[in-house]
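There are 2 protein chains.
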Amino acid sequence: MERIVMKFGGSSVATTEKIAHVAQLIVAEVKKGNEVAVIVSAMGKTTDTLLALANDLNPHASKRELDMLLMTGEQVTASLLALAIEARGHKAKSFTGWQAGVRTESVYGDARIEDVQAAKVQSTITSGGVAVITGFQGIDIDGELTTLGRGGSDTSAVAVAIGISATICDIYTDVEGVFTTDPRVVSSAVQLHEISYDEMLELANLGAGVLHPRAVEFAKNHQMPLRVRPAHKKGKGTTIKEEVNLEANLSVRGIAFEQNVARITIMYETPYNGSLASIFTTLANHHLNVDIIVQSIQQDLQPSVSFSVKKEDFDEVIHVLDANKSNLRYQRLDFEEGLAKVSIVGSGMVSNPGVAAEMFDALRVATIPIKMVSTSEIKVSVVVPESAMVEAVEVLHAKFKLHTAI
Amino acid sequence: MERIVMKFGGSSVATTEKIAHVAQLIVAEVKKGNEVAVIVSAMGKTTDTLLALANDLNPHASKRELDMLLMTGEQVTASLLALAIEARGHKAKSFTGWQAGVRTESVYGDARIEDVQAAKVQSTITSGGVAVITGFQGIDIDGELTTLGRGGSDTSAVAVAIGISATICDIYTDVEGVFTTDPRVVSSAVQLHEISYDEMLELANLGAGVLHPRAVEFAKNHQMPLRVRPAHKKGKGTTIKEEVNLEANLSVRGIAFEQNVARITIMYETPYNGSLASIFTTLANHHLNVDIIVQSIQQDLQPSVSFSVKKEDFDEVIHVLDANKSNLRYQRLDFEEGLAKVSIVGSGMVSNPGVAAEMFDALRVATIPIKMVSTSEIKVSVVVPESAMVEAVEVLHAKFKLHTAI
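One line per chain: the protein sequences are R and Y, in this order.
End of the first sequence sits at 406 in the numbering used here; the numbers just go up one at a time, nothing left out.
End of the second sequence sits at 406 in the numbering used here; the numbers just go up one at a time, nothing left out.
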């Protein structure tokens, strides 16, 4: 007997037919003798529909009321799924986030989970029932209801799994698992059977999009094994855990990529110490996110700092920098749009210092120019022309033999 | 400054336009300096839509899960209405039933309110905010969420009004108030400005349909003044309270009527004491509701008991009586369909014993046959042919000068 958490996202429960299918998957686990807690998101486009209603009435809706509104979506799914399980002759109880004991900080719209007091869920599953819990939501210390923001249901699933000491937290999705890179773009991409938390974190942050980084980080901190599995197909999925058994000890495990990147460079007459802090504080105050930052001060060269931003933020960043030119004391700006970021990720890179060099060499051979470079212990990112992005991914996928990954 | 509760039913909040209008009504009360708590139902047909989804998945849905599902409807309305009030520059907070402290017994689908712990609502309204509360729902002692069943939102409104010691509980509806009889049927019907709890209870039970009897009874027990008001028109509505100031001391205050009534008479060879109890226990065990019951045992006449049932229950009642003929030890059944019930209601009838006689005389003059009679302290009901129902109501409306009522 295992104690498992199963999480189903919005597209897996978009219709009553899909909910009925999900109920079958759950009942199959119960029949194996497993104790099952389930986390669900709102059905398909429910959230968008509710947001449209809110927008009709108040385009500047308060976060508190948006939370109250949106959290009804998960409650509808949870009760319908409980009914569908009951229809198959098994016991099931739906719980709102607060009923399941999900305590969060006192923030609307983007709260972090502080604690899960899972006594109710525990007593339901130990007595043979399925606990179906609304993802994405919790309660603060004052009894105010909160939502967790983007990727919240993944985080709910991990938190409940930790709260009930589950053996594994299964995240059911539209995809078959985690791949070496996006299989829609690179046909030789292969599914990974296992990947480490750190690798998954880098891939998730880089836009691989299968799992929310907060959920992965939460799982890592509590050593809760995660598994990404297909909801509407057979398949073992990909397990995310601390130690990965690499039969073939590949240093690179995956390649992430992201379009719509722009580079901005700020040039100074003379270097001044406060510059970096002032620039990025100013941008942060305007809620503008910066990704890669590169600064290299050399004798004989004009001092400068370069950074990448998303295309959608580009105009606003330029506007803010212009408006603050005198405060920031820079001479001029240089920028380039139409770029993309390509990153190789792998825990094995820590002990393999030649990996970055191999990457640059492969891109040189393919005559793909590198505009920026950023490295971390388990990742190397390069900024390249957007037009060369797919070719760069393919070249690197082949170079690091990712088609043989497992 | 007054502290008021405003309740809006499903049809008053069926669209975002209607919600915006309701927000205006609320803001108008706030601008008068009043403290306002609002109770809302689910938007229009939301409940039916949710029930259809549930039925897709499980035609024998558990009441617990139906409660979890349906209560989302009110939460959507409450948060949207709070947003609409905020859009008009006023503070508002939505609360679920449990957040508003509505405690119920541990029954799903038809729970009764036990208590309202309204501290949160109170602190919201005393600080100048509008508290918007989901009707129809509460929480039991184990933290399970419950719904109140039919008319539940009216009851929620009264309970919250009592909990916060409101000066009045305004029930906004599609109608202009309580009328002497249904104005769609009798053109001379007039609106009453005031009516007593007891009269309203009799009218509500008799199908006047404006207010749920549970809500009226609850208000009566706590002496909470109720007012039925039009949501989408100007109008003072009808106030329901203990003492009614009758300038013209009319003994009859209203006439209720109901179609689709059938009479069943059970005849015995010899009277036997247990008969009444056995019959009505048997019918109650089959969830068959009986309305008027008339028994009159006389020397020289064959003993019998007559009662009225709704047309939709008629076949089932006959079937159950047939199946239990030997237990119930009766000789034969007699019945008549195509009947209607007409009732005159008025607290003044207690001290006015001639009222029933006036009613019978008016019907005799109009040659309307009376099939059954039932009386209480403030009501006389007669069963007449359905074809004569409207005429009977008109005759009685004129006889008791209800067109002059106030």
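Be careful, since some hints might not be right.
Straight-line C-alpha distance at most 16 Å; calculated EDC-like pairs for lysine to aspartate or glutamate [to be verified]:
id	chain 1	residue 1	chain 2	residue 2
1	R	Lys-120	Y	Glu-243
2	Y	Lys-91	Y	Glu-114
3	R	Lys-120	Y	Asp-140
4	Y	Lys-310	Y	Glu-269
5	Y	Lys-401	Y	Glu-358
6	Y	Lys-311	Y	Glu-337
7	R	Lys-371	R	Glu-337
8	R	Lys-18	Y	Asp-56
9	Y	Lys-236	Y	Glu-269
10	R	Lys-234	R	Glu-176
11	R	Lys-371	R	Asp-315
12	Y	Lys-120	R	Asp-334
13	Y	Lys-18	R	Asp-56
14	Y	Lys-241	Y	Glu-269
15	R	Lys-236	R	Glu-337
16	Y	Lys-120	R	Asp-140
17	Y	Lys-371	Y	Glu-336
18	Y	Lys-234	Y	Asp-56
Hints are computed from structural coordinates only; laboratory data are not their basis.
Going down the list of hints, with the structure as the test:
no. : hint                    : verdict
1   : R:Lys-120 <-> Y:Glu-243 : violated, 49 Å
2   : Y:Lys-91 <-> Y:Glu-114  : violated, 29 Å
3   : R:Lys-120 <-> Y:Asp-140 : holds, 15 Å
4   : Y:Lys-310 <-> Y:Glu-269 : violated, 27 Å
5   : Y:Lys-401 <-> Y:Glu-358 : holds, 12 Å
6   : Y:Lys-311 <-> Y:Glu-337 : holds, 7 Å
7   : R:Lys-371 <-> R:Glu-337 : holds, 11 Å
8   : R:Lys-18 <-> Y:Asp-56   : holds, 12 Å
9   : Y:Lys-236 <-> Y:Glu-269 : violated, 58 Å
10  : R:Lys-234 <-> R:Glu-176 : holds, 9 Å
11  : R:Lys-371 <-> R:Asp-315 : violated, 20 Å
12  : Y:Lys-120 <-> R:Asp-334 : violated, 55 Å
13  : Y:Lys-18 <-> R:Asp-56   : holds, 12 Å
14  : Y:Lys-241 <-> Y:Glu-269 : violated, 49 Å
15  : R:Lys-236 <-> R:Glu-337 : violated, 41 Å
16  : Y:Lys-120 <-> R:Asp-140 : holds, 14 Å
17  : Y:Lys-371 <-> Y:Glu-336 : holds, 10 Å
18  : Y:Lys-234 <-> Y:Asp-56  : violated, 42 Å
In this structure, the hints that do not hold are numbers 1, 2, 4, 9, 11, 12, 14, 15, 18, in rising order.
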